[in-house]
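Q: Each chain, letter by letter, is given below.
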Amino acid sequence: MTNSVSEIADADCILVIGSNTTSSHPLVAARVFVAKQKGAKLIVADPRRIPLASEADLYVRQNLGTDVALLNGIMNVIIENGWADDAFVSERTENFEAFKETVSQYPPEKASEITGVAAEDIIRIAEYYSKAEAATILYCMGITQHTTGVDNVKSLANLAMLTGQIGRPSTGVNPLRGQNNVQGACDMGALPNVYPGYQAVTMLDNQQKFESAWGARLSDQMGLTLPDMLSGLLDGSVRALYVMGENPVQSDPDTRHVQKALEAAELLVVQDIFLTPTAELAHVVLPGASYAEKDGTFTNTERRVLRVRKSIDPVGDSRPDWEIIQEISNRFGYAMSFDSPEAIMEEIRTVTPSYGGITYERLEGEGIQWPCPDVDHPGTPYLHKETFARGKGLFHAIEYQPPAEIVDEEFPFWLTTGRLYAHYHTATMTRNSPTLDTEVKEGFLEISPQDAEMLGVGPGEVVKVGSRRGEISAKTMVTDRVAKGLVFMPFHFLESNPNVLTNPAHDPIAKIPEFKVCAVKLEKAA
Amino acid sequence: MIKTVQERVKALLDSGEIAGFLGLKEAGGHIGPHLFTPEENGLDGLVLGDWKGPGDARYTLNKQLIHLARAYPDETFGVLVRGCDERGLKSLYVWNQLSPEKVVPVGIACPPELAKACECSKPYPDALVAGEKGEGCAQETLKQVEALGLADRFGYWQKEFDRCIKCYGCRDVCPMCFCKECSLEDPDLVNTGDVPPDNPTFHLTRAVHMAGRCIDCGLCNEVCPVGIPLRTLYKKVADIIDEEFGYRTGQAADEKSPLNILAGAS
Amino acid sequence: MDYKTVLTTCPYCGCGCNFYLEVLDGKILAPIPCKTSPTNEGKLCIKGWNAHEFIQSPNRLTGPLVRKNGELVAVSWDEALDYTVSRLKEIKDSHGGDSIAFFSSAKVTNEENYLLQKFARAGIGTNSVDHCARL
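Residue numbers (our numbering), protein chains in the order written: chain D, 82 to 607; chain U, -1 to 264; chain F, 67 to 201.
Hints were generated in silico from the structure; no laboratory data involved. A hint or two may mislead.
Each computed DSS-like pair below joins lysine-lysine, with the alpha-carbon atoms no more than 27 Å apart [to be verified]:
#1 D:Lys119 to U:Lys8
#2 U:Lys178 to U:Lys234
#3 D:Lys466 to D:Lys522
#4 D:Lys212 to D:Lys466
#5 U:Lys141 to D:Lys117
#6 F:Lys158 to U:Lys50
#7 U:Lys178 to D:Lys522
#8 U:Lys178 to D:Lys117
#9 U:Lys178 to F:Lys158
#10 U:Lys157 to U:Lys1
#11 U:Lys141 to D:Lys119
#12 D:Lys341 to F:Lys93
#13 D:Lys391 to U:Lys23
#14 U:Lys178 to F:Lys70
#15 U:Lys50 to U:Lys157
#16 U:Lys23 to F:Lys70
#17 F:Lys158 to U:Lys100
#18 U:Lys8 to F:Lys158
#19 U:Lys1 to D:Lys117
#20 U:Lys157 to U:Lys100
#21 U:Lys141 to U:Lys114
#22 F:Lys158 to D:Lys290
#23 U:Lys178 to U:Lys114
#24 D:Lys545 to D:Lys522
#25 F:Lys93 to D:Lys391
#26 D:Lys592 to D:Lys565
#27 D:Lys191 to D:Lys181
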């Protein structure tokens, strides 16, 4: 997030797009309700009528994968009406003219045609957002999990820059990070292109810096992303895969392809706290320790580094993951001798500029939001105050592109996937929690009353759902939460896992799969 | 005030009268529940739960006390109480969840501004160790809601309940929710698996179960992520029980709730 | 009697809520949301309120397993680690460091992510380390 969670409570306008906030980030939603109570305008844009929609001043239901068109339409209105922040645009941004030219091609009527959102609603969003003293954007996987994920995010950045709604408290472009430490995993360089602190592996200076810090020769070749690793296993360029705390069999698109890839591995090591469907395929399974059994830190969605503290000893003969990695590294011949997670953090801060001032001692209290370059720095509640990371904010001229797969005669329904309030990701943890398991026991397919009637299925009846990649069965939940022609499934449940159906087509830059859009056919089960 | 409390707790621990004192501790910049034991050196960090304002870092110590008492029924524990917590203790004695012989309350009075914010009927405990006994406050918030016509009032509550994200925090934080099985999880009463939960069934089911139980501590209000004014709802339920049965929860440690039969307790 | 409340951070979503885990004689009883936390201010969602349950699930893995004759069987740590390391060495020697890839995790700590990518890069010699940021 560019800004802090607590700042949301003081926003005058909140645009929630592609985030089912009350389910996936409930304590962010809490701040949305506080802001609303104080009179903020709430705009919700989502193909599903999510619970937050009933609180919204304006709810719009865009067609799947049409976010660029919607945002270009909004920005077209802002420019045409003179609601842009001209001073911000001229002082802090560049490439405005090219962007303006593209956006001029999206008058509200045209945007309406593509998105299914009424032109007058597009105009109202433009007005609420641009005229607010402080407007903030909250988004999540509904924006990113598209073949145009990067375009979608850049369009949100365009909107914030155009109206100067960034670089101040309670504004900004705020991705809500899904997993407790997805921010930290990125910060720590668990990415194929960067060392810790987003330092590119392909830059010689960085390579030399880390070679000297780590006492080893390092590769200057960009590594493989997750989907490319799977392809590599199938074509033999990758022979071994070490999986720590992930469950790709259930979480990745096109399950069959993932299973085939993992089965092709000469060595599959899985380190986890449960025997996941991925672990079941492994040659070696190493039992890690849960968050309650070890010390460490997590970095939350607002870049706040927070302490994790050991409450109990590791269960059975399991071990903290850091100890397992260190032991393997030592036996492999690359020596590590950390005596605690705190000692690891001491090394992290010497090689990661944004964590330079982060020590366990300083993390007592409220934690610290990076960037925090040195021990005298208080941390950074919001980014881009005086200047953007690259200097001037760069406008991108972005054309709308349809999703990779669109409905046709054979596969006439749109399928989108997402999360439920009581479950979490592949539900490895939540389905092993009796209370949460009881709350929602099985998966389902949300379908509109019109479509249910057309197919002759009632609530709770079983339908077969098929795509070009596979077929599954699921019970129906008949609800007007989804529009005619659209169906939704949560991906928490292995028995009715929509990732058997989802399309592995991904964004060319971010490599994020298009979980949010694929085409399916439905049939009442015999 | 803190000094008086420290002296009292120290005396209880030193004399061996209690095995531990369940109170609040400030450590590492946070305030949370803590069991002070004789083995610990002193009472460093003992606080009364005031952080940015009076009483804004209160916790359900009675709930933790039940956990300790269940595991160590022969031990006696001291516990920090305000007026509401003491109402809770008395009621928990009635419901056989705690034994009065095994609990030593160390009472503090709430300052007038906190009493007013809570609209507390009795902002101090009988077992008062520190602080001034303040006046009980009138139920202004409840009066405002009651001033609405029936349809408006129903609409008001429906709108509030509509925000519910079903965290069950109101139940989980409640010192008076000690049932092994909870009606809120009974699929015959409440539809599971969706948010918001059945409106108004979910919240009215809980409200009914608060009748004769709620001790008006307000922690449900504080814990609600979406700001539903649950305390106001339960205050109303308590008024009804008072009007119908002349019973106020937690006023006496020997008077059973007229609704005991509902929970099947003895 | 060993009773303590340990302040920690929720393992579920990216909000980063703080709660105390109430621990009595080595068993975790419940989370108590932290009132002084800047992120959750004493509140939690349904997942947070139950974040202690899965830890103590009977389904937890309690020891290492190695596949023998098609079945995963319980082995000692030494055997599991030696097997893993010898296979990694063989594969690196015959196919190079880039034939080995790592999925790190958005569920483990910063320190653990740091260590795994350090092992991949400095130990194995590959930049092929990724995690589920996109999923």
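Q: With reference to the structure, classify each hint as holding or not holding.
A: How the hints compare with the structure:
| no. | hint | result |
| --- | --- | --- |
| 1 | D:Lys119 to U:Lys8 | 46 Å, violated |
| 2 | U:Lys178 to U:Lys234 | 26 Å, holds |
| 3 | D:Lys466 to D:Lys522 | 46 Å, violated |
| 4 | D:Lys212 to D:Lys466 | 20 Å, holds |
| 5 | U:Lys141 to D:Lys117 | 24 Å, holds |
| 6 | F:Lys158 to U:Lys50 | 58 Å, violated |
| 7 | U:Lys178 to D:Lys522 | 21 Å, holds |
| 8 | U:Lys178 to D:Lys117 | 37 Å, violated |
| 9 | U:Lys178 to F:Lys158 | 56 Å, violated |
| 10 | U:Lys157 to U:Lys1 | 46 Å, violated |
| 11 | U:Lys141 to D:Lys119 | 23 Å, holds |
| 12 | D:Lys341 to F:Lys93 | 41 Å, violated |
| 13 | D:Lys391 to U:Lys23 | 19 Å, holds |
| 14 | U:Lys178 to F:Lys70 | 24 Å, holds |
| 15 | U:Lys50 to U:Lys157 | 30 Å, violated |
| 16 | U:Lys23 to F:Lys70 | 12 Å, holds |
| 17 | F:Lys158 to U:Lys100 | 66 Å, violated |
| 18 | U:Lys8 to F:Lys158 | 64 Å, violated |
| 19 | U:Lys1 to D:Lys117 | 42 Å, violated |
| 20 | U:Lys157 to U:Lys100 | 44 Å, violated |
| 21 | U:Lys141 to U:Lys114 | 15 Å, holds |
| 22 | F:Lys158 to D:Lys290 | 25 Å, holds |
| 23 | U:Lys178 to U:Lys114 | 34 Å, violated |
| 24 | D:Lys545 to D:Lys522 | 19 Å, holds |
| 25 | F:Lys93 to D:Lys391 | 13 Å, holds |
| 26 | D:Lys592 to D:Lys565 | 30 Å, violated |
| 27 | D:Lys191 to D:Lys181 | 16 Å, holds |
Hint check: violations occur at hints 1, 3, 6, 8, 9, 10, 12, 15, 17, 18, 19, 20, 23, 26; the rest are consistent with the structure.
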